[in-house]
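Which chain is which? The protein sequence lines are R and A, in order.
Per the working numbering: the first sequence = residues 1 to 518.
Per the working numbering: the second sequence = residues 1 to 468.
FYI, nobody ran anything at the bench for these hints, they're computed from the structure.
One should not assume that every hint holds.
As the list claims (entries may be wrong) - Label-pair ranges, simulated between beta-carbon atoms:
(1) A:Q165 / R:A435: 36 to 46 Å
(2) R:E406 / A:E195: 42 to 52 Å
(3) A:A199 / R:Q182: 25 to 35 Å
(4) A:A289 / R:V33: 29 to 39 Å
(5) A:R194 / R:L452: 35 to 45 Å
(6) A:D258 / R:L129: 41 to 51 Å
(7) R:E420 / A:E92: 16 to 26 Å
(8) A:Q206 / R:N54: 14 to 24 Å
(9) A:A436 / R:S29: 30 to 40 Å
(10) A:Q402 / R:A435: 50 to 60 Å
(11) A:Q206 / R:K55: 43 to 53 Å
To be verified - Residues from chain A that keep clear of chain R, each with C-beta distances beyond 12 Å, as calculated:
(12) S28
(13) A67
(14) A76
(15) Q87
(16) R123
(17) Q185
From a predicted model like this one, the values you see are computed outputs, not experimental measurements.
Backbone N, C-alpha and C fix where the C-beta goes; we use that ideal spot for every residue, glycine too.
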Amino acid sequence: MPNKKTQQSSRSAGALLADLIDLSLVLDSDQEVDLEERKRRDRAAGRRLECWRNKPVAQVRAWLHESRPKAAGNYGQQGVRVYHGLNVGLLVAGLLSGWGLASAVLYYDGQQPINIVNAVAVLVLPQILLLLLWLVAALPARLSLFRQLGTGLGFLNPGRLAGHLVGVFTSKPEQGLAMLWQSDNAPILGPATRWLLSLWSQLFAVSFNIGVLVSALFLVSFSDLAFAWSTTLVVTSETFHQLLVTLSAPWSSLLPDAVPGAELVAQSRYYRLDEGALADPAATPELAIALGQWWPFLIAAVAFYGLLPRLLTLTISWYRLRHHLGRALCKLPGAPELLARMNSPLVSTAAAEPEHAFTLAPGSAARNSAAAHYALRCPVIDWSAAGSAAGDAGDVSSALAAMGVEPLEFLRAGGRQTLEQDQQMLAALARDKPAALALLVKAWEPPMLDLLDFLRDIRQQLGEEKPLLVLLWGGAEQVSGADRETWQLTLGQLGDPNLHVESLALASRAVEKKGASQ
Amino acid sequence: MSTPEFAIVGHPNKGKSSIVSTLSEDKSVAISMVPGTTVDNRRYPMTVDGEVLYELIDTPGFQRARAALEWMQGHASSAVERPATVQRFVDEHRGDPRFSAECHLLAPILAGAGILYVVDGSRPFGEDYEAEMEILRWTGQPSLALINMIGDSDYSAEWSRALGQYFRIVRVFDALQADFDKRIQLLLAFGEIREEWRAPLAKAVQFLTDEQQRRRSLAARVIAEMLVHMITHQARRRLATGEAEALAETQTRDKLLDSYKQDLATMERHCRDEVEQIYNHGQLQRQEAQVQLLDEDLFSRQTWVLFGLTRRQLIATGALGGAAAGGIIDLAAHGTSLLLGSGLGALAGGVSAWLTADRIANIEVLGHPLGGQEVSVGPMRNINFPYVALGRALLHQRLVEQRTHANRGPLDIDGPGAAWQFSDSATRRQFEKLFAKLRKGESLQADLVDTLATLIEKQFSSRPDAGA
C-alpha cells in the first residue's frame, strides 16, 4: 500500500513543478543504472503502487517520492522558491501599477472634473482588449493566424518577462525552473510553460485590477471626486446613456445603482467652452453630489471587465498549468519507459547464474607442417567413416597422393565401431610396427574426447616417436580456417610433438597450384 | 502441473549455445568454436514477475557417447530397463571426469526435462551421431530435434531422414537469423512434445508477444523524440564583446557547424543506444556513418538584447513604452492632443530602441550582459532531412529487432544500398504533416510526440523491404 506521505502529494502547481524538476534530474541520472536493474526495481515499485496503475501522474510522483532521497540536490524546492518569488513579485508589481494608473486617471485637483470617458478608455477598454488577446493566446495553436498573432504579441506578456528573468539569473538552466525554457524541452514542456506564463500574466492582471479598485475606493473615500463626461465627437446625452446602459448590462440587475441614469448623464456633460451644467452656480451643491455618483459605475466596470474575468482566466490558467505539468511529468524523456516498466509484467528469459565456461590455455596449438607434402607409406585410419562422408573414396585417395601419403591400408575406427574393435585394430597395427600413421577425420566435426582417448591409445600401442598425421577432410568443401584452428587448438592439448594436423583438400589444391606454376 | 523444462543437448559445437542465446535473448552465453566451451549446465528460466513459465537448460555436448552407450548396453537386458539403466549410469558415474559431460546433460532429462537435440544442418550427417541419439532414445523422455543451419550448405533433408528415426518432431531453425515470429513458432513447437506443456508455453508466448509490442512502442517513442529534437535543434553561440569583429566569420561558422553536426550525431547515437537497450542488445558494436546535413546554409546572425529580445522585438517594446508615456500626456491634455502624444511617443520609443540597441547590448548587470551578437545554425529546414533521419532510425530498429542474441558480430547499419522505403504515399503525407509542424516551430503541441510515435510504430508493423 502507498504510504501516507505519497497519498498526500499536493496537486498544487508549485508541488507539481518541484516534482517535474526533480523527476527530470532523477530520470537523467537513472540512465546510468543498468537496464535490468531498473526493470527489477521499477516493477517492484509498480506492484507496490498498483492502486495508481490508471493514474500515471500520481504513480510517477509516488515513484519519485520513493527515489528522491537518492537524488542529489534539492533543485525542485529551489525552483519552487523562484516560482513563488516571481508570483509575489508580479503581485506587488500589479498592485503598484494598478494603484499608480488609477491615481493618475482619477487625479482631481478641483479645477477640472475627471472625464469618465478617459477613465473608461484607460481602465476598462484596454482590459477588454487584453482579455481578447489572452483568448487568442489561449486558443490551440493549430490556427495559423492566431498562432502568429500569439507569437507576435508574446513579448508584451509580463509573464514572459518573468520567464526571461528566470533564465537570466539561473546559473544551471537545466537543473531548475529554467529547464522549462530550454529549447530541447519545448516539445514536452512547451504547453506547461505556455500556461505558466499565462498564470503569471493573469496574476499580474488580477493584482493590477485590485490595485485599481483599491486606489479608486481610497480616492472615493478620502477625497471629493467630481466626474463628468466630455468628447469632441458629436454624441448626444441619450446616445451616451444608451452606450453606458449597454456597458453596464453585466451588473445592471445585480447592482442597479451602478448604472448611470439618463439624468446623471445629461447633468454630467461637460464642454470646455461653456463648461455645461457645471457652470451654473445655482445648481452646484446638488450637482456636485450627483457628479460624485459616477464612482459605483466605474468600480463596477473595473470589477466586471477587469477583475472578475481575470480571476476566471487566472483559475483557468492554474488548472491548465496543473494539467500540463501532470502531462509533462508522464512525458519527460524516460518517464513513459518508467511507467511501462512499472506497469508491465517483468519478463525475463536470461540466465539466472553467470556462465562457467572452459577456456583453452594460450599457445597450445598443435603443429601444422609448413611443407604440407610428405613421402609416407603408412596405414590410414578412417575415423567415423570420414572418407565416405560427402565425397567418395576416390577424392580422398587423390588428396592423399597429392600430399605424398601412400595408404598401405585403410582401417576403420570410431563411429559405428565399438571401443573393443578399435582396440583390436590398434593391437594388430602395433604388431605390424608401421613407420608412421595417418588418421583421417571430418574437419567439420569437433575433436571430441572420444577421439582424444583414441589418439592416446595409439601412442600407448605404437609408441611416442612415430609420426602421427591427423588429416582434416573437408568432404565436398574446403576445410575452413576456423575448423582447422579448432582442431589445432584441441589436439594441442595432448602436447604431442610428433602429431601433425593437415588439411587434405588444401594440400591437394596447393599441389595443383605448384604443378600449374611449373 | 510441473514447469516445462527443456534440455538443449547434442554434439559439441553444433549451435546449442546459439539456440539458447537466441531463445533467451541472453548475450552472456559463451559461444565458441572450441568444443567443450560449455562444461556445466546453465539454466535460463523464462519468468513473468518471478513466476517461472518454462526453463531452458544449456548442457555440455556429448564427449564419449560410444563408451557411455556401451556401458548402458552392457547393463540393460530389455527395453523396459533402458530409462533405469541411463539413470544408473548417471548415478554411478557422477563425479567421474571421463563422463562428466554425459552425466551433466542426462541429469535434467532424467529429472523430467524435454529433449531438444541440436544438429548442424549445414554439415553432413555422420554415423558418429548415432550413439548419442540412441542414448537419448533410451531415456524415454519427449524430444524434438532441431536442425540448426550454421553454414551456407544445406544437408537438412539428409538430416531430417536420419533424425526422423529417433525423434517424432524435427524442425529446421536458424539460430542466427530467426526473427521474433520464428522464435515464437519454435516455442509453440516445444509444446507439441508433451500435451501438458502446451498451456504454459502458450501463456509464455502471450507474455513474450506483449513484451515485444511494448518494446516497439518504446522504440517508436525514442525515435519520435529524437526526430523532434533533430528537426528543431539549433546550435547558438553568443559572441563575446569584440569577438564579432575580431573573429573571421567563416571560422565561427565552421566551429558552430561542427558543433551542430556533433549534436545531431549525438542525438542519433543516443537514440540507437536506447533502442538497442530496449531489445536487450546493449553495448552493441556498430558500423555506421554519420547523418549528413542536407541544407547548404543554416546560419543566421542577429543582435539580441535584454532578456533575449531580438532587435525587432526591442523596437516594438520601445514603441509601446513610448506610446504609453505619450498616452499619459494625452490624458493630461484630456484628449485635446488628439493622441499625438501616443503617436510621437511610439515613434520616439521605437527609434531610440533602434539606436540604443547596440549600446544596451554592451551593458552588464550582475555579470550578465544585456545583449550582444549571436550566431546560430539550424533548425534544419530541408524537407528531406526528417525522412533521412527517420529512415535511418527505422532501418536500425528493424536490424536490432531482427538480430538474434547469438549473433556476436558488429551491426552493419549503413551497408551498401541500405535504405528505408516508406510503405505508401499516404503514410508519407501523414509524416509530412507532422514534420511541417515541427519545421514551423509548432513543437509546443503536447500530443505531437505521441502522434509521431504512433505513426512510427505503424511503420514497424508494415515492414516494407529495405533497399538493401
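Here's how the hints hold up against the structure:
1. A:Q165 / R:A435: 36 to 46 Å: holds, 43 Å
2. R:E406 / A:E195: 42 to 52 Å: violated, 60 Å
3. A:A199 / R:Q182: 25 to 35 Å: violated, 52 Å
4. A:A289 / R:V33: 29 to 39 Å: Distance hint for A:A289, R:V33 holds at roughly 31 Å.
5. A:R194 / R:L452: 35 to 45 Å: holds, 37 Å
6. A:D258 / R:L129: 41 to 51 Å: holds, 48 Å
7. R:E420 / A:E92: 16 to 26 Å: Hint holds: Cβ distance 20 Å, inside 16 to 26 Å.
8. A:Q206 / R:N54: 14 to 24 Å: holds, 22 Å
9. A:A436 / R:S29: 30 to 40 Å: This hint holds: roughly 36 Å between Cβ atoms.
10. A:Q402 / R:A435: 50 to 60 Å: At 56 Å between Cβs, range holds.
11. A:Q206 / R:K55: 43 to 53 Å: With a Cβ separation near 26 Å, A:Q206 and R:K55 fall outside 43 to 53 Å, so the hint is violated.
12. S28: Violated, because the least Cβ-Cβ distance between A:S28 and chain R comes to about 6 Å, which does not exceed 12 Å.
13. A67: Nearest chain R Cβ is 6 Å from A:A67, so the label is violated.
14. A76: holds, 16 Å
15. Q87: Given that every Cβ of chain R is farther than 12 Å from that of A:Q87, nearest at about 22 Å, it holds.
16. R123: Violated, since 4 Å does not exceed 12 Å.
17. Q185: Holds: least Cβ distance 16 Å, greater than 12 Å.
Consistency with the previously given hints fails for numbers 2, 3, 11, 12, 13, 16, ordered from lowest to highest.
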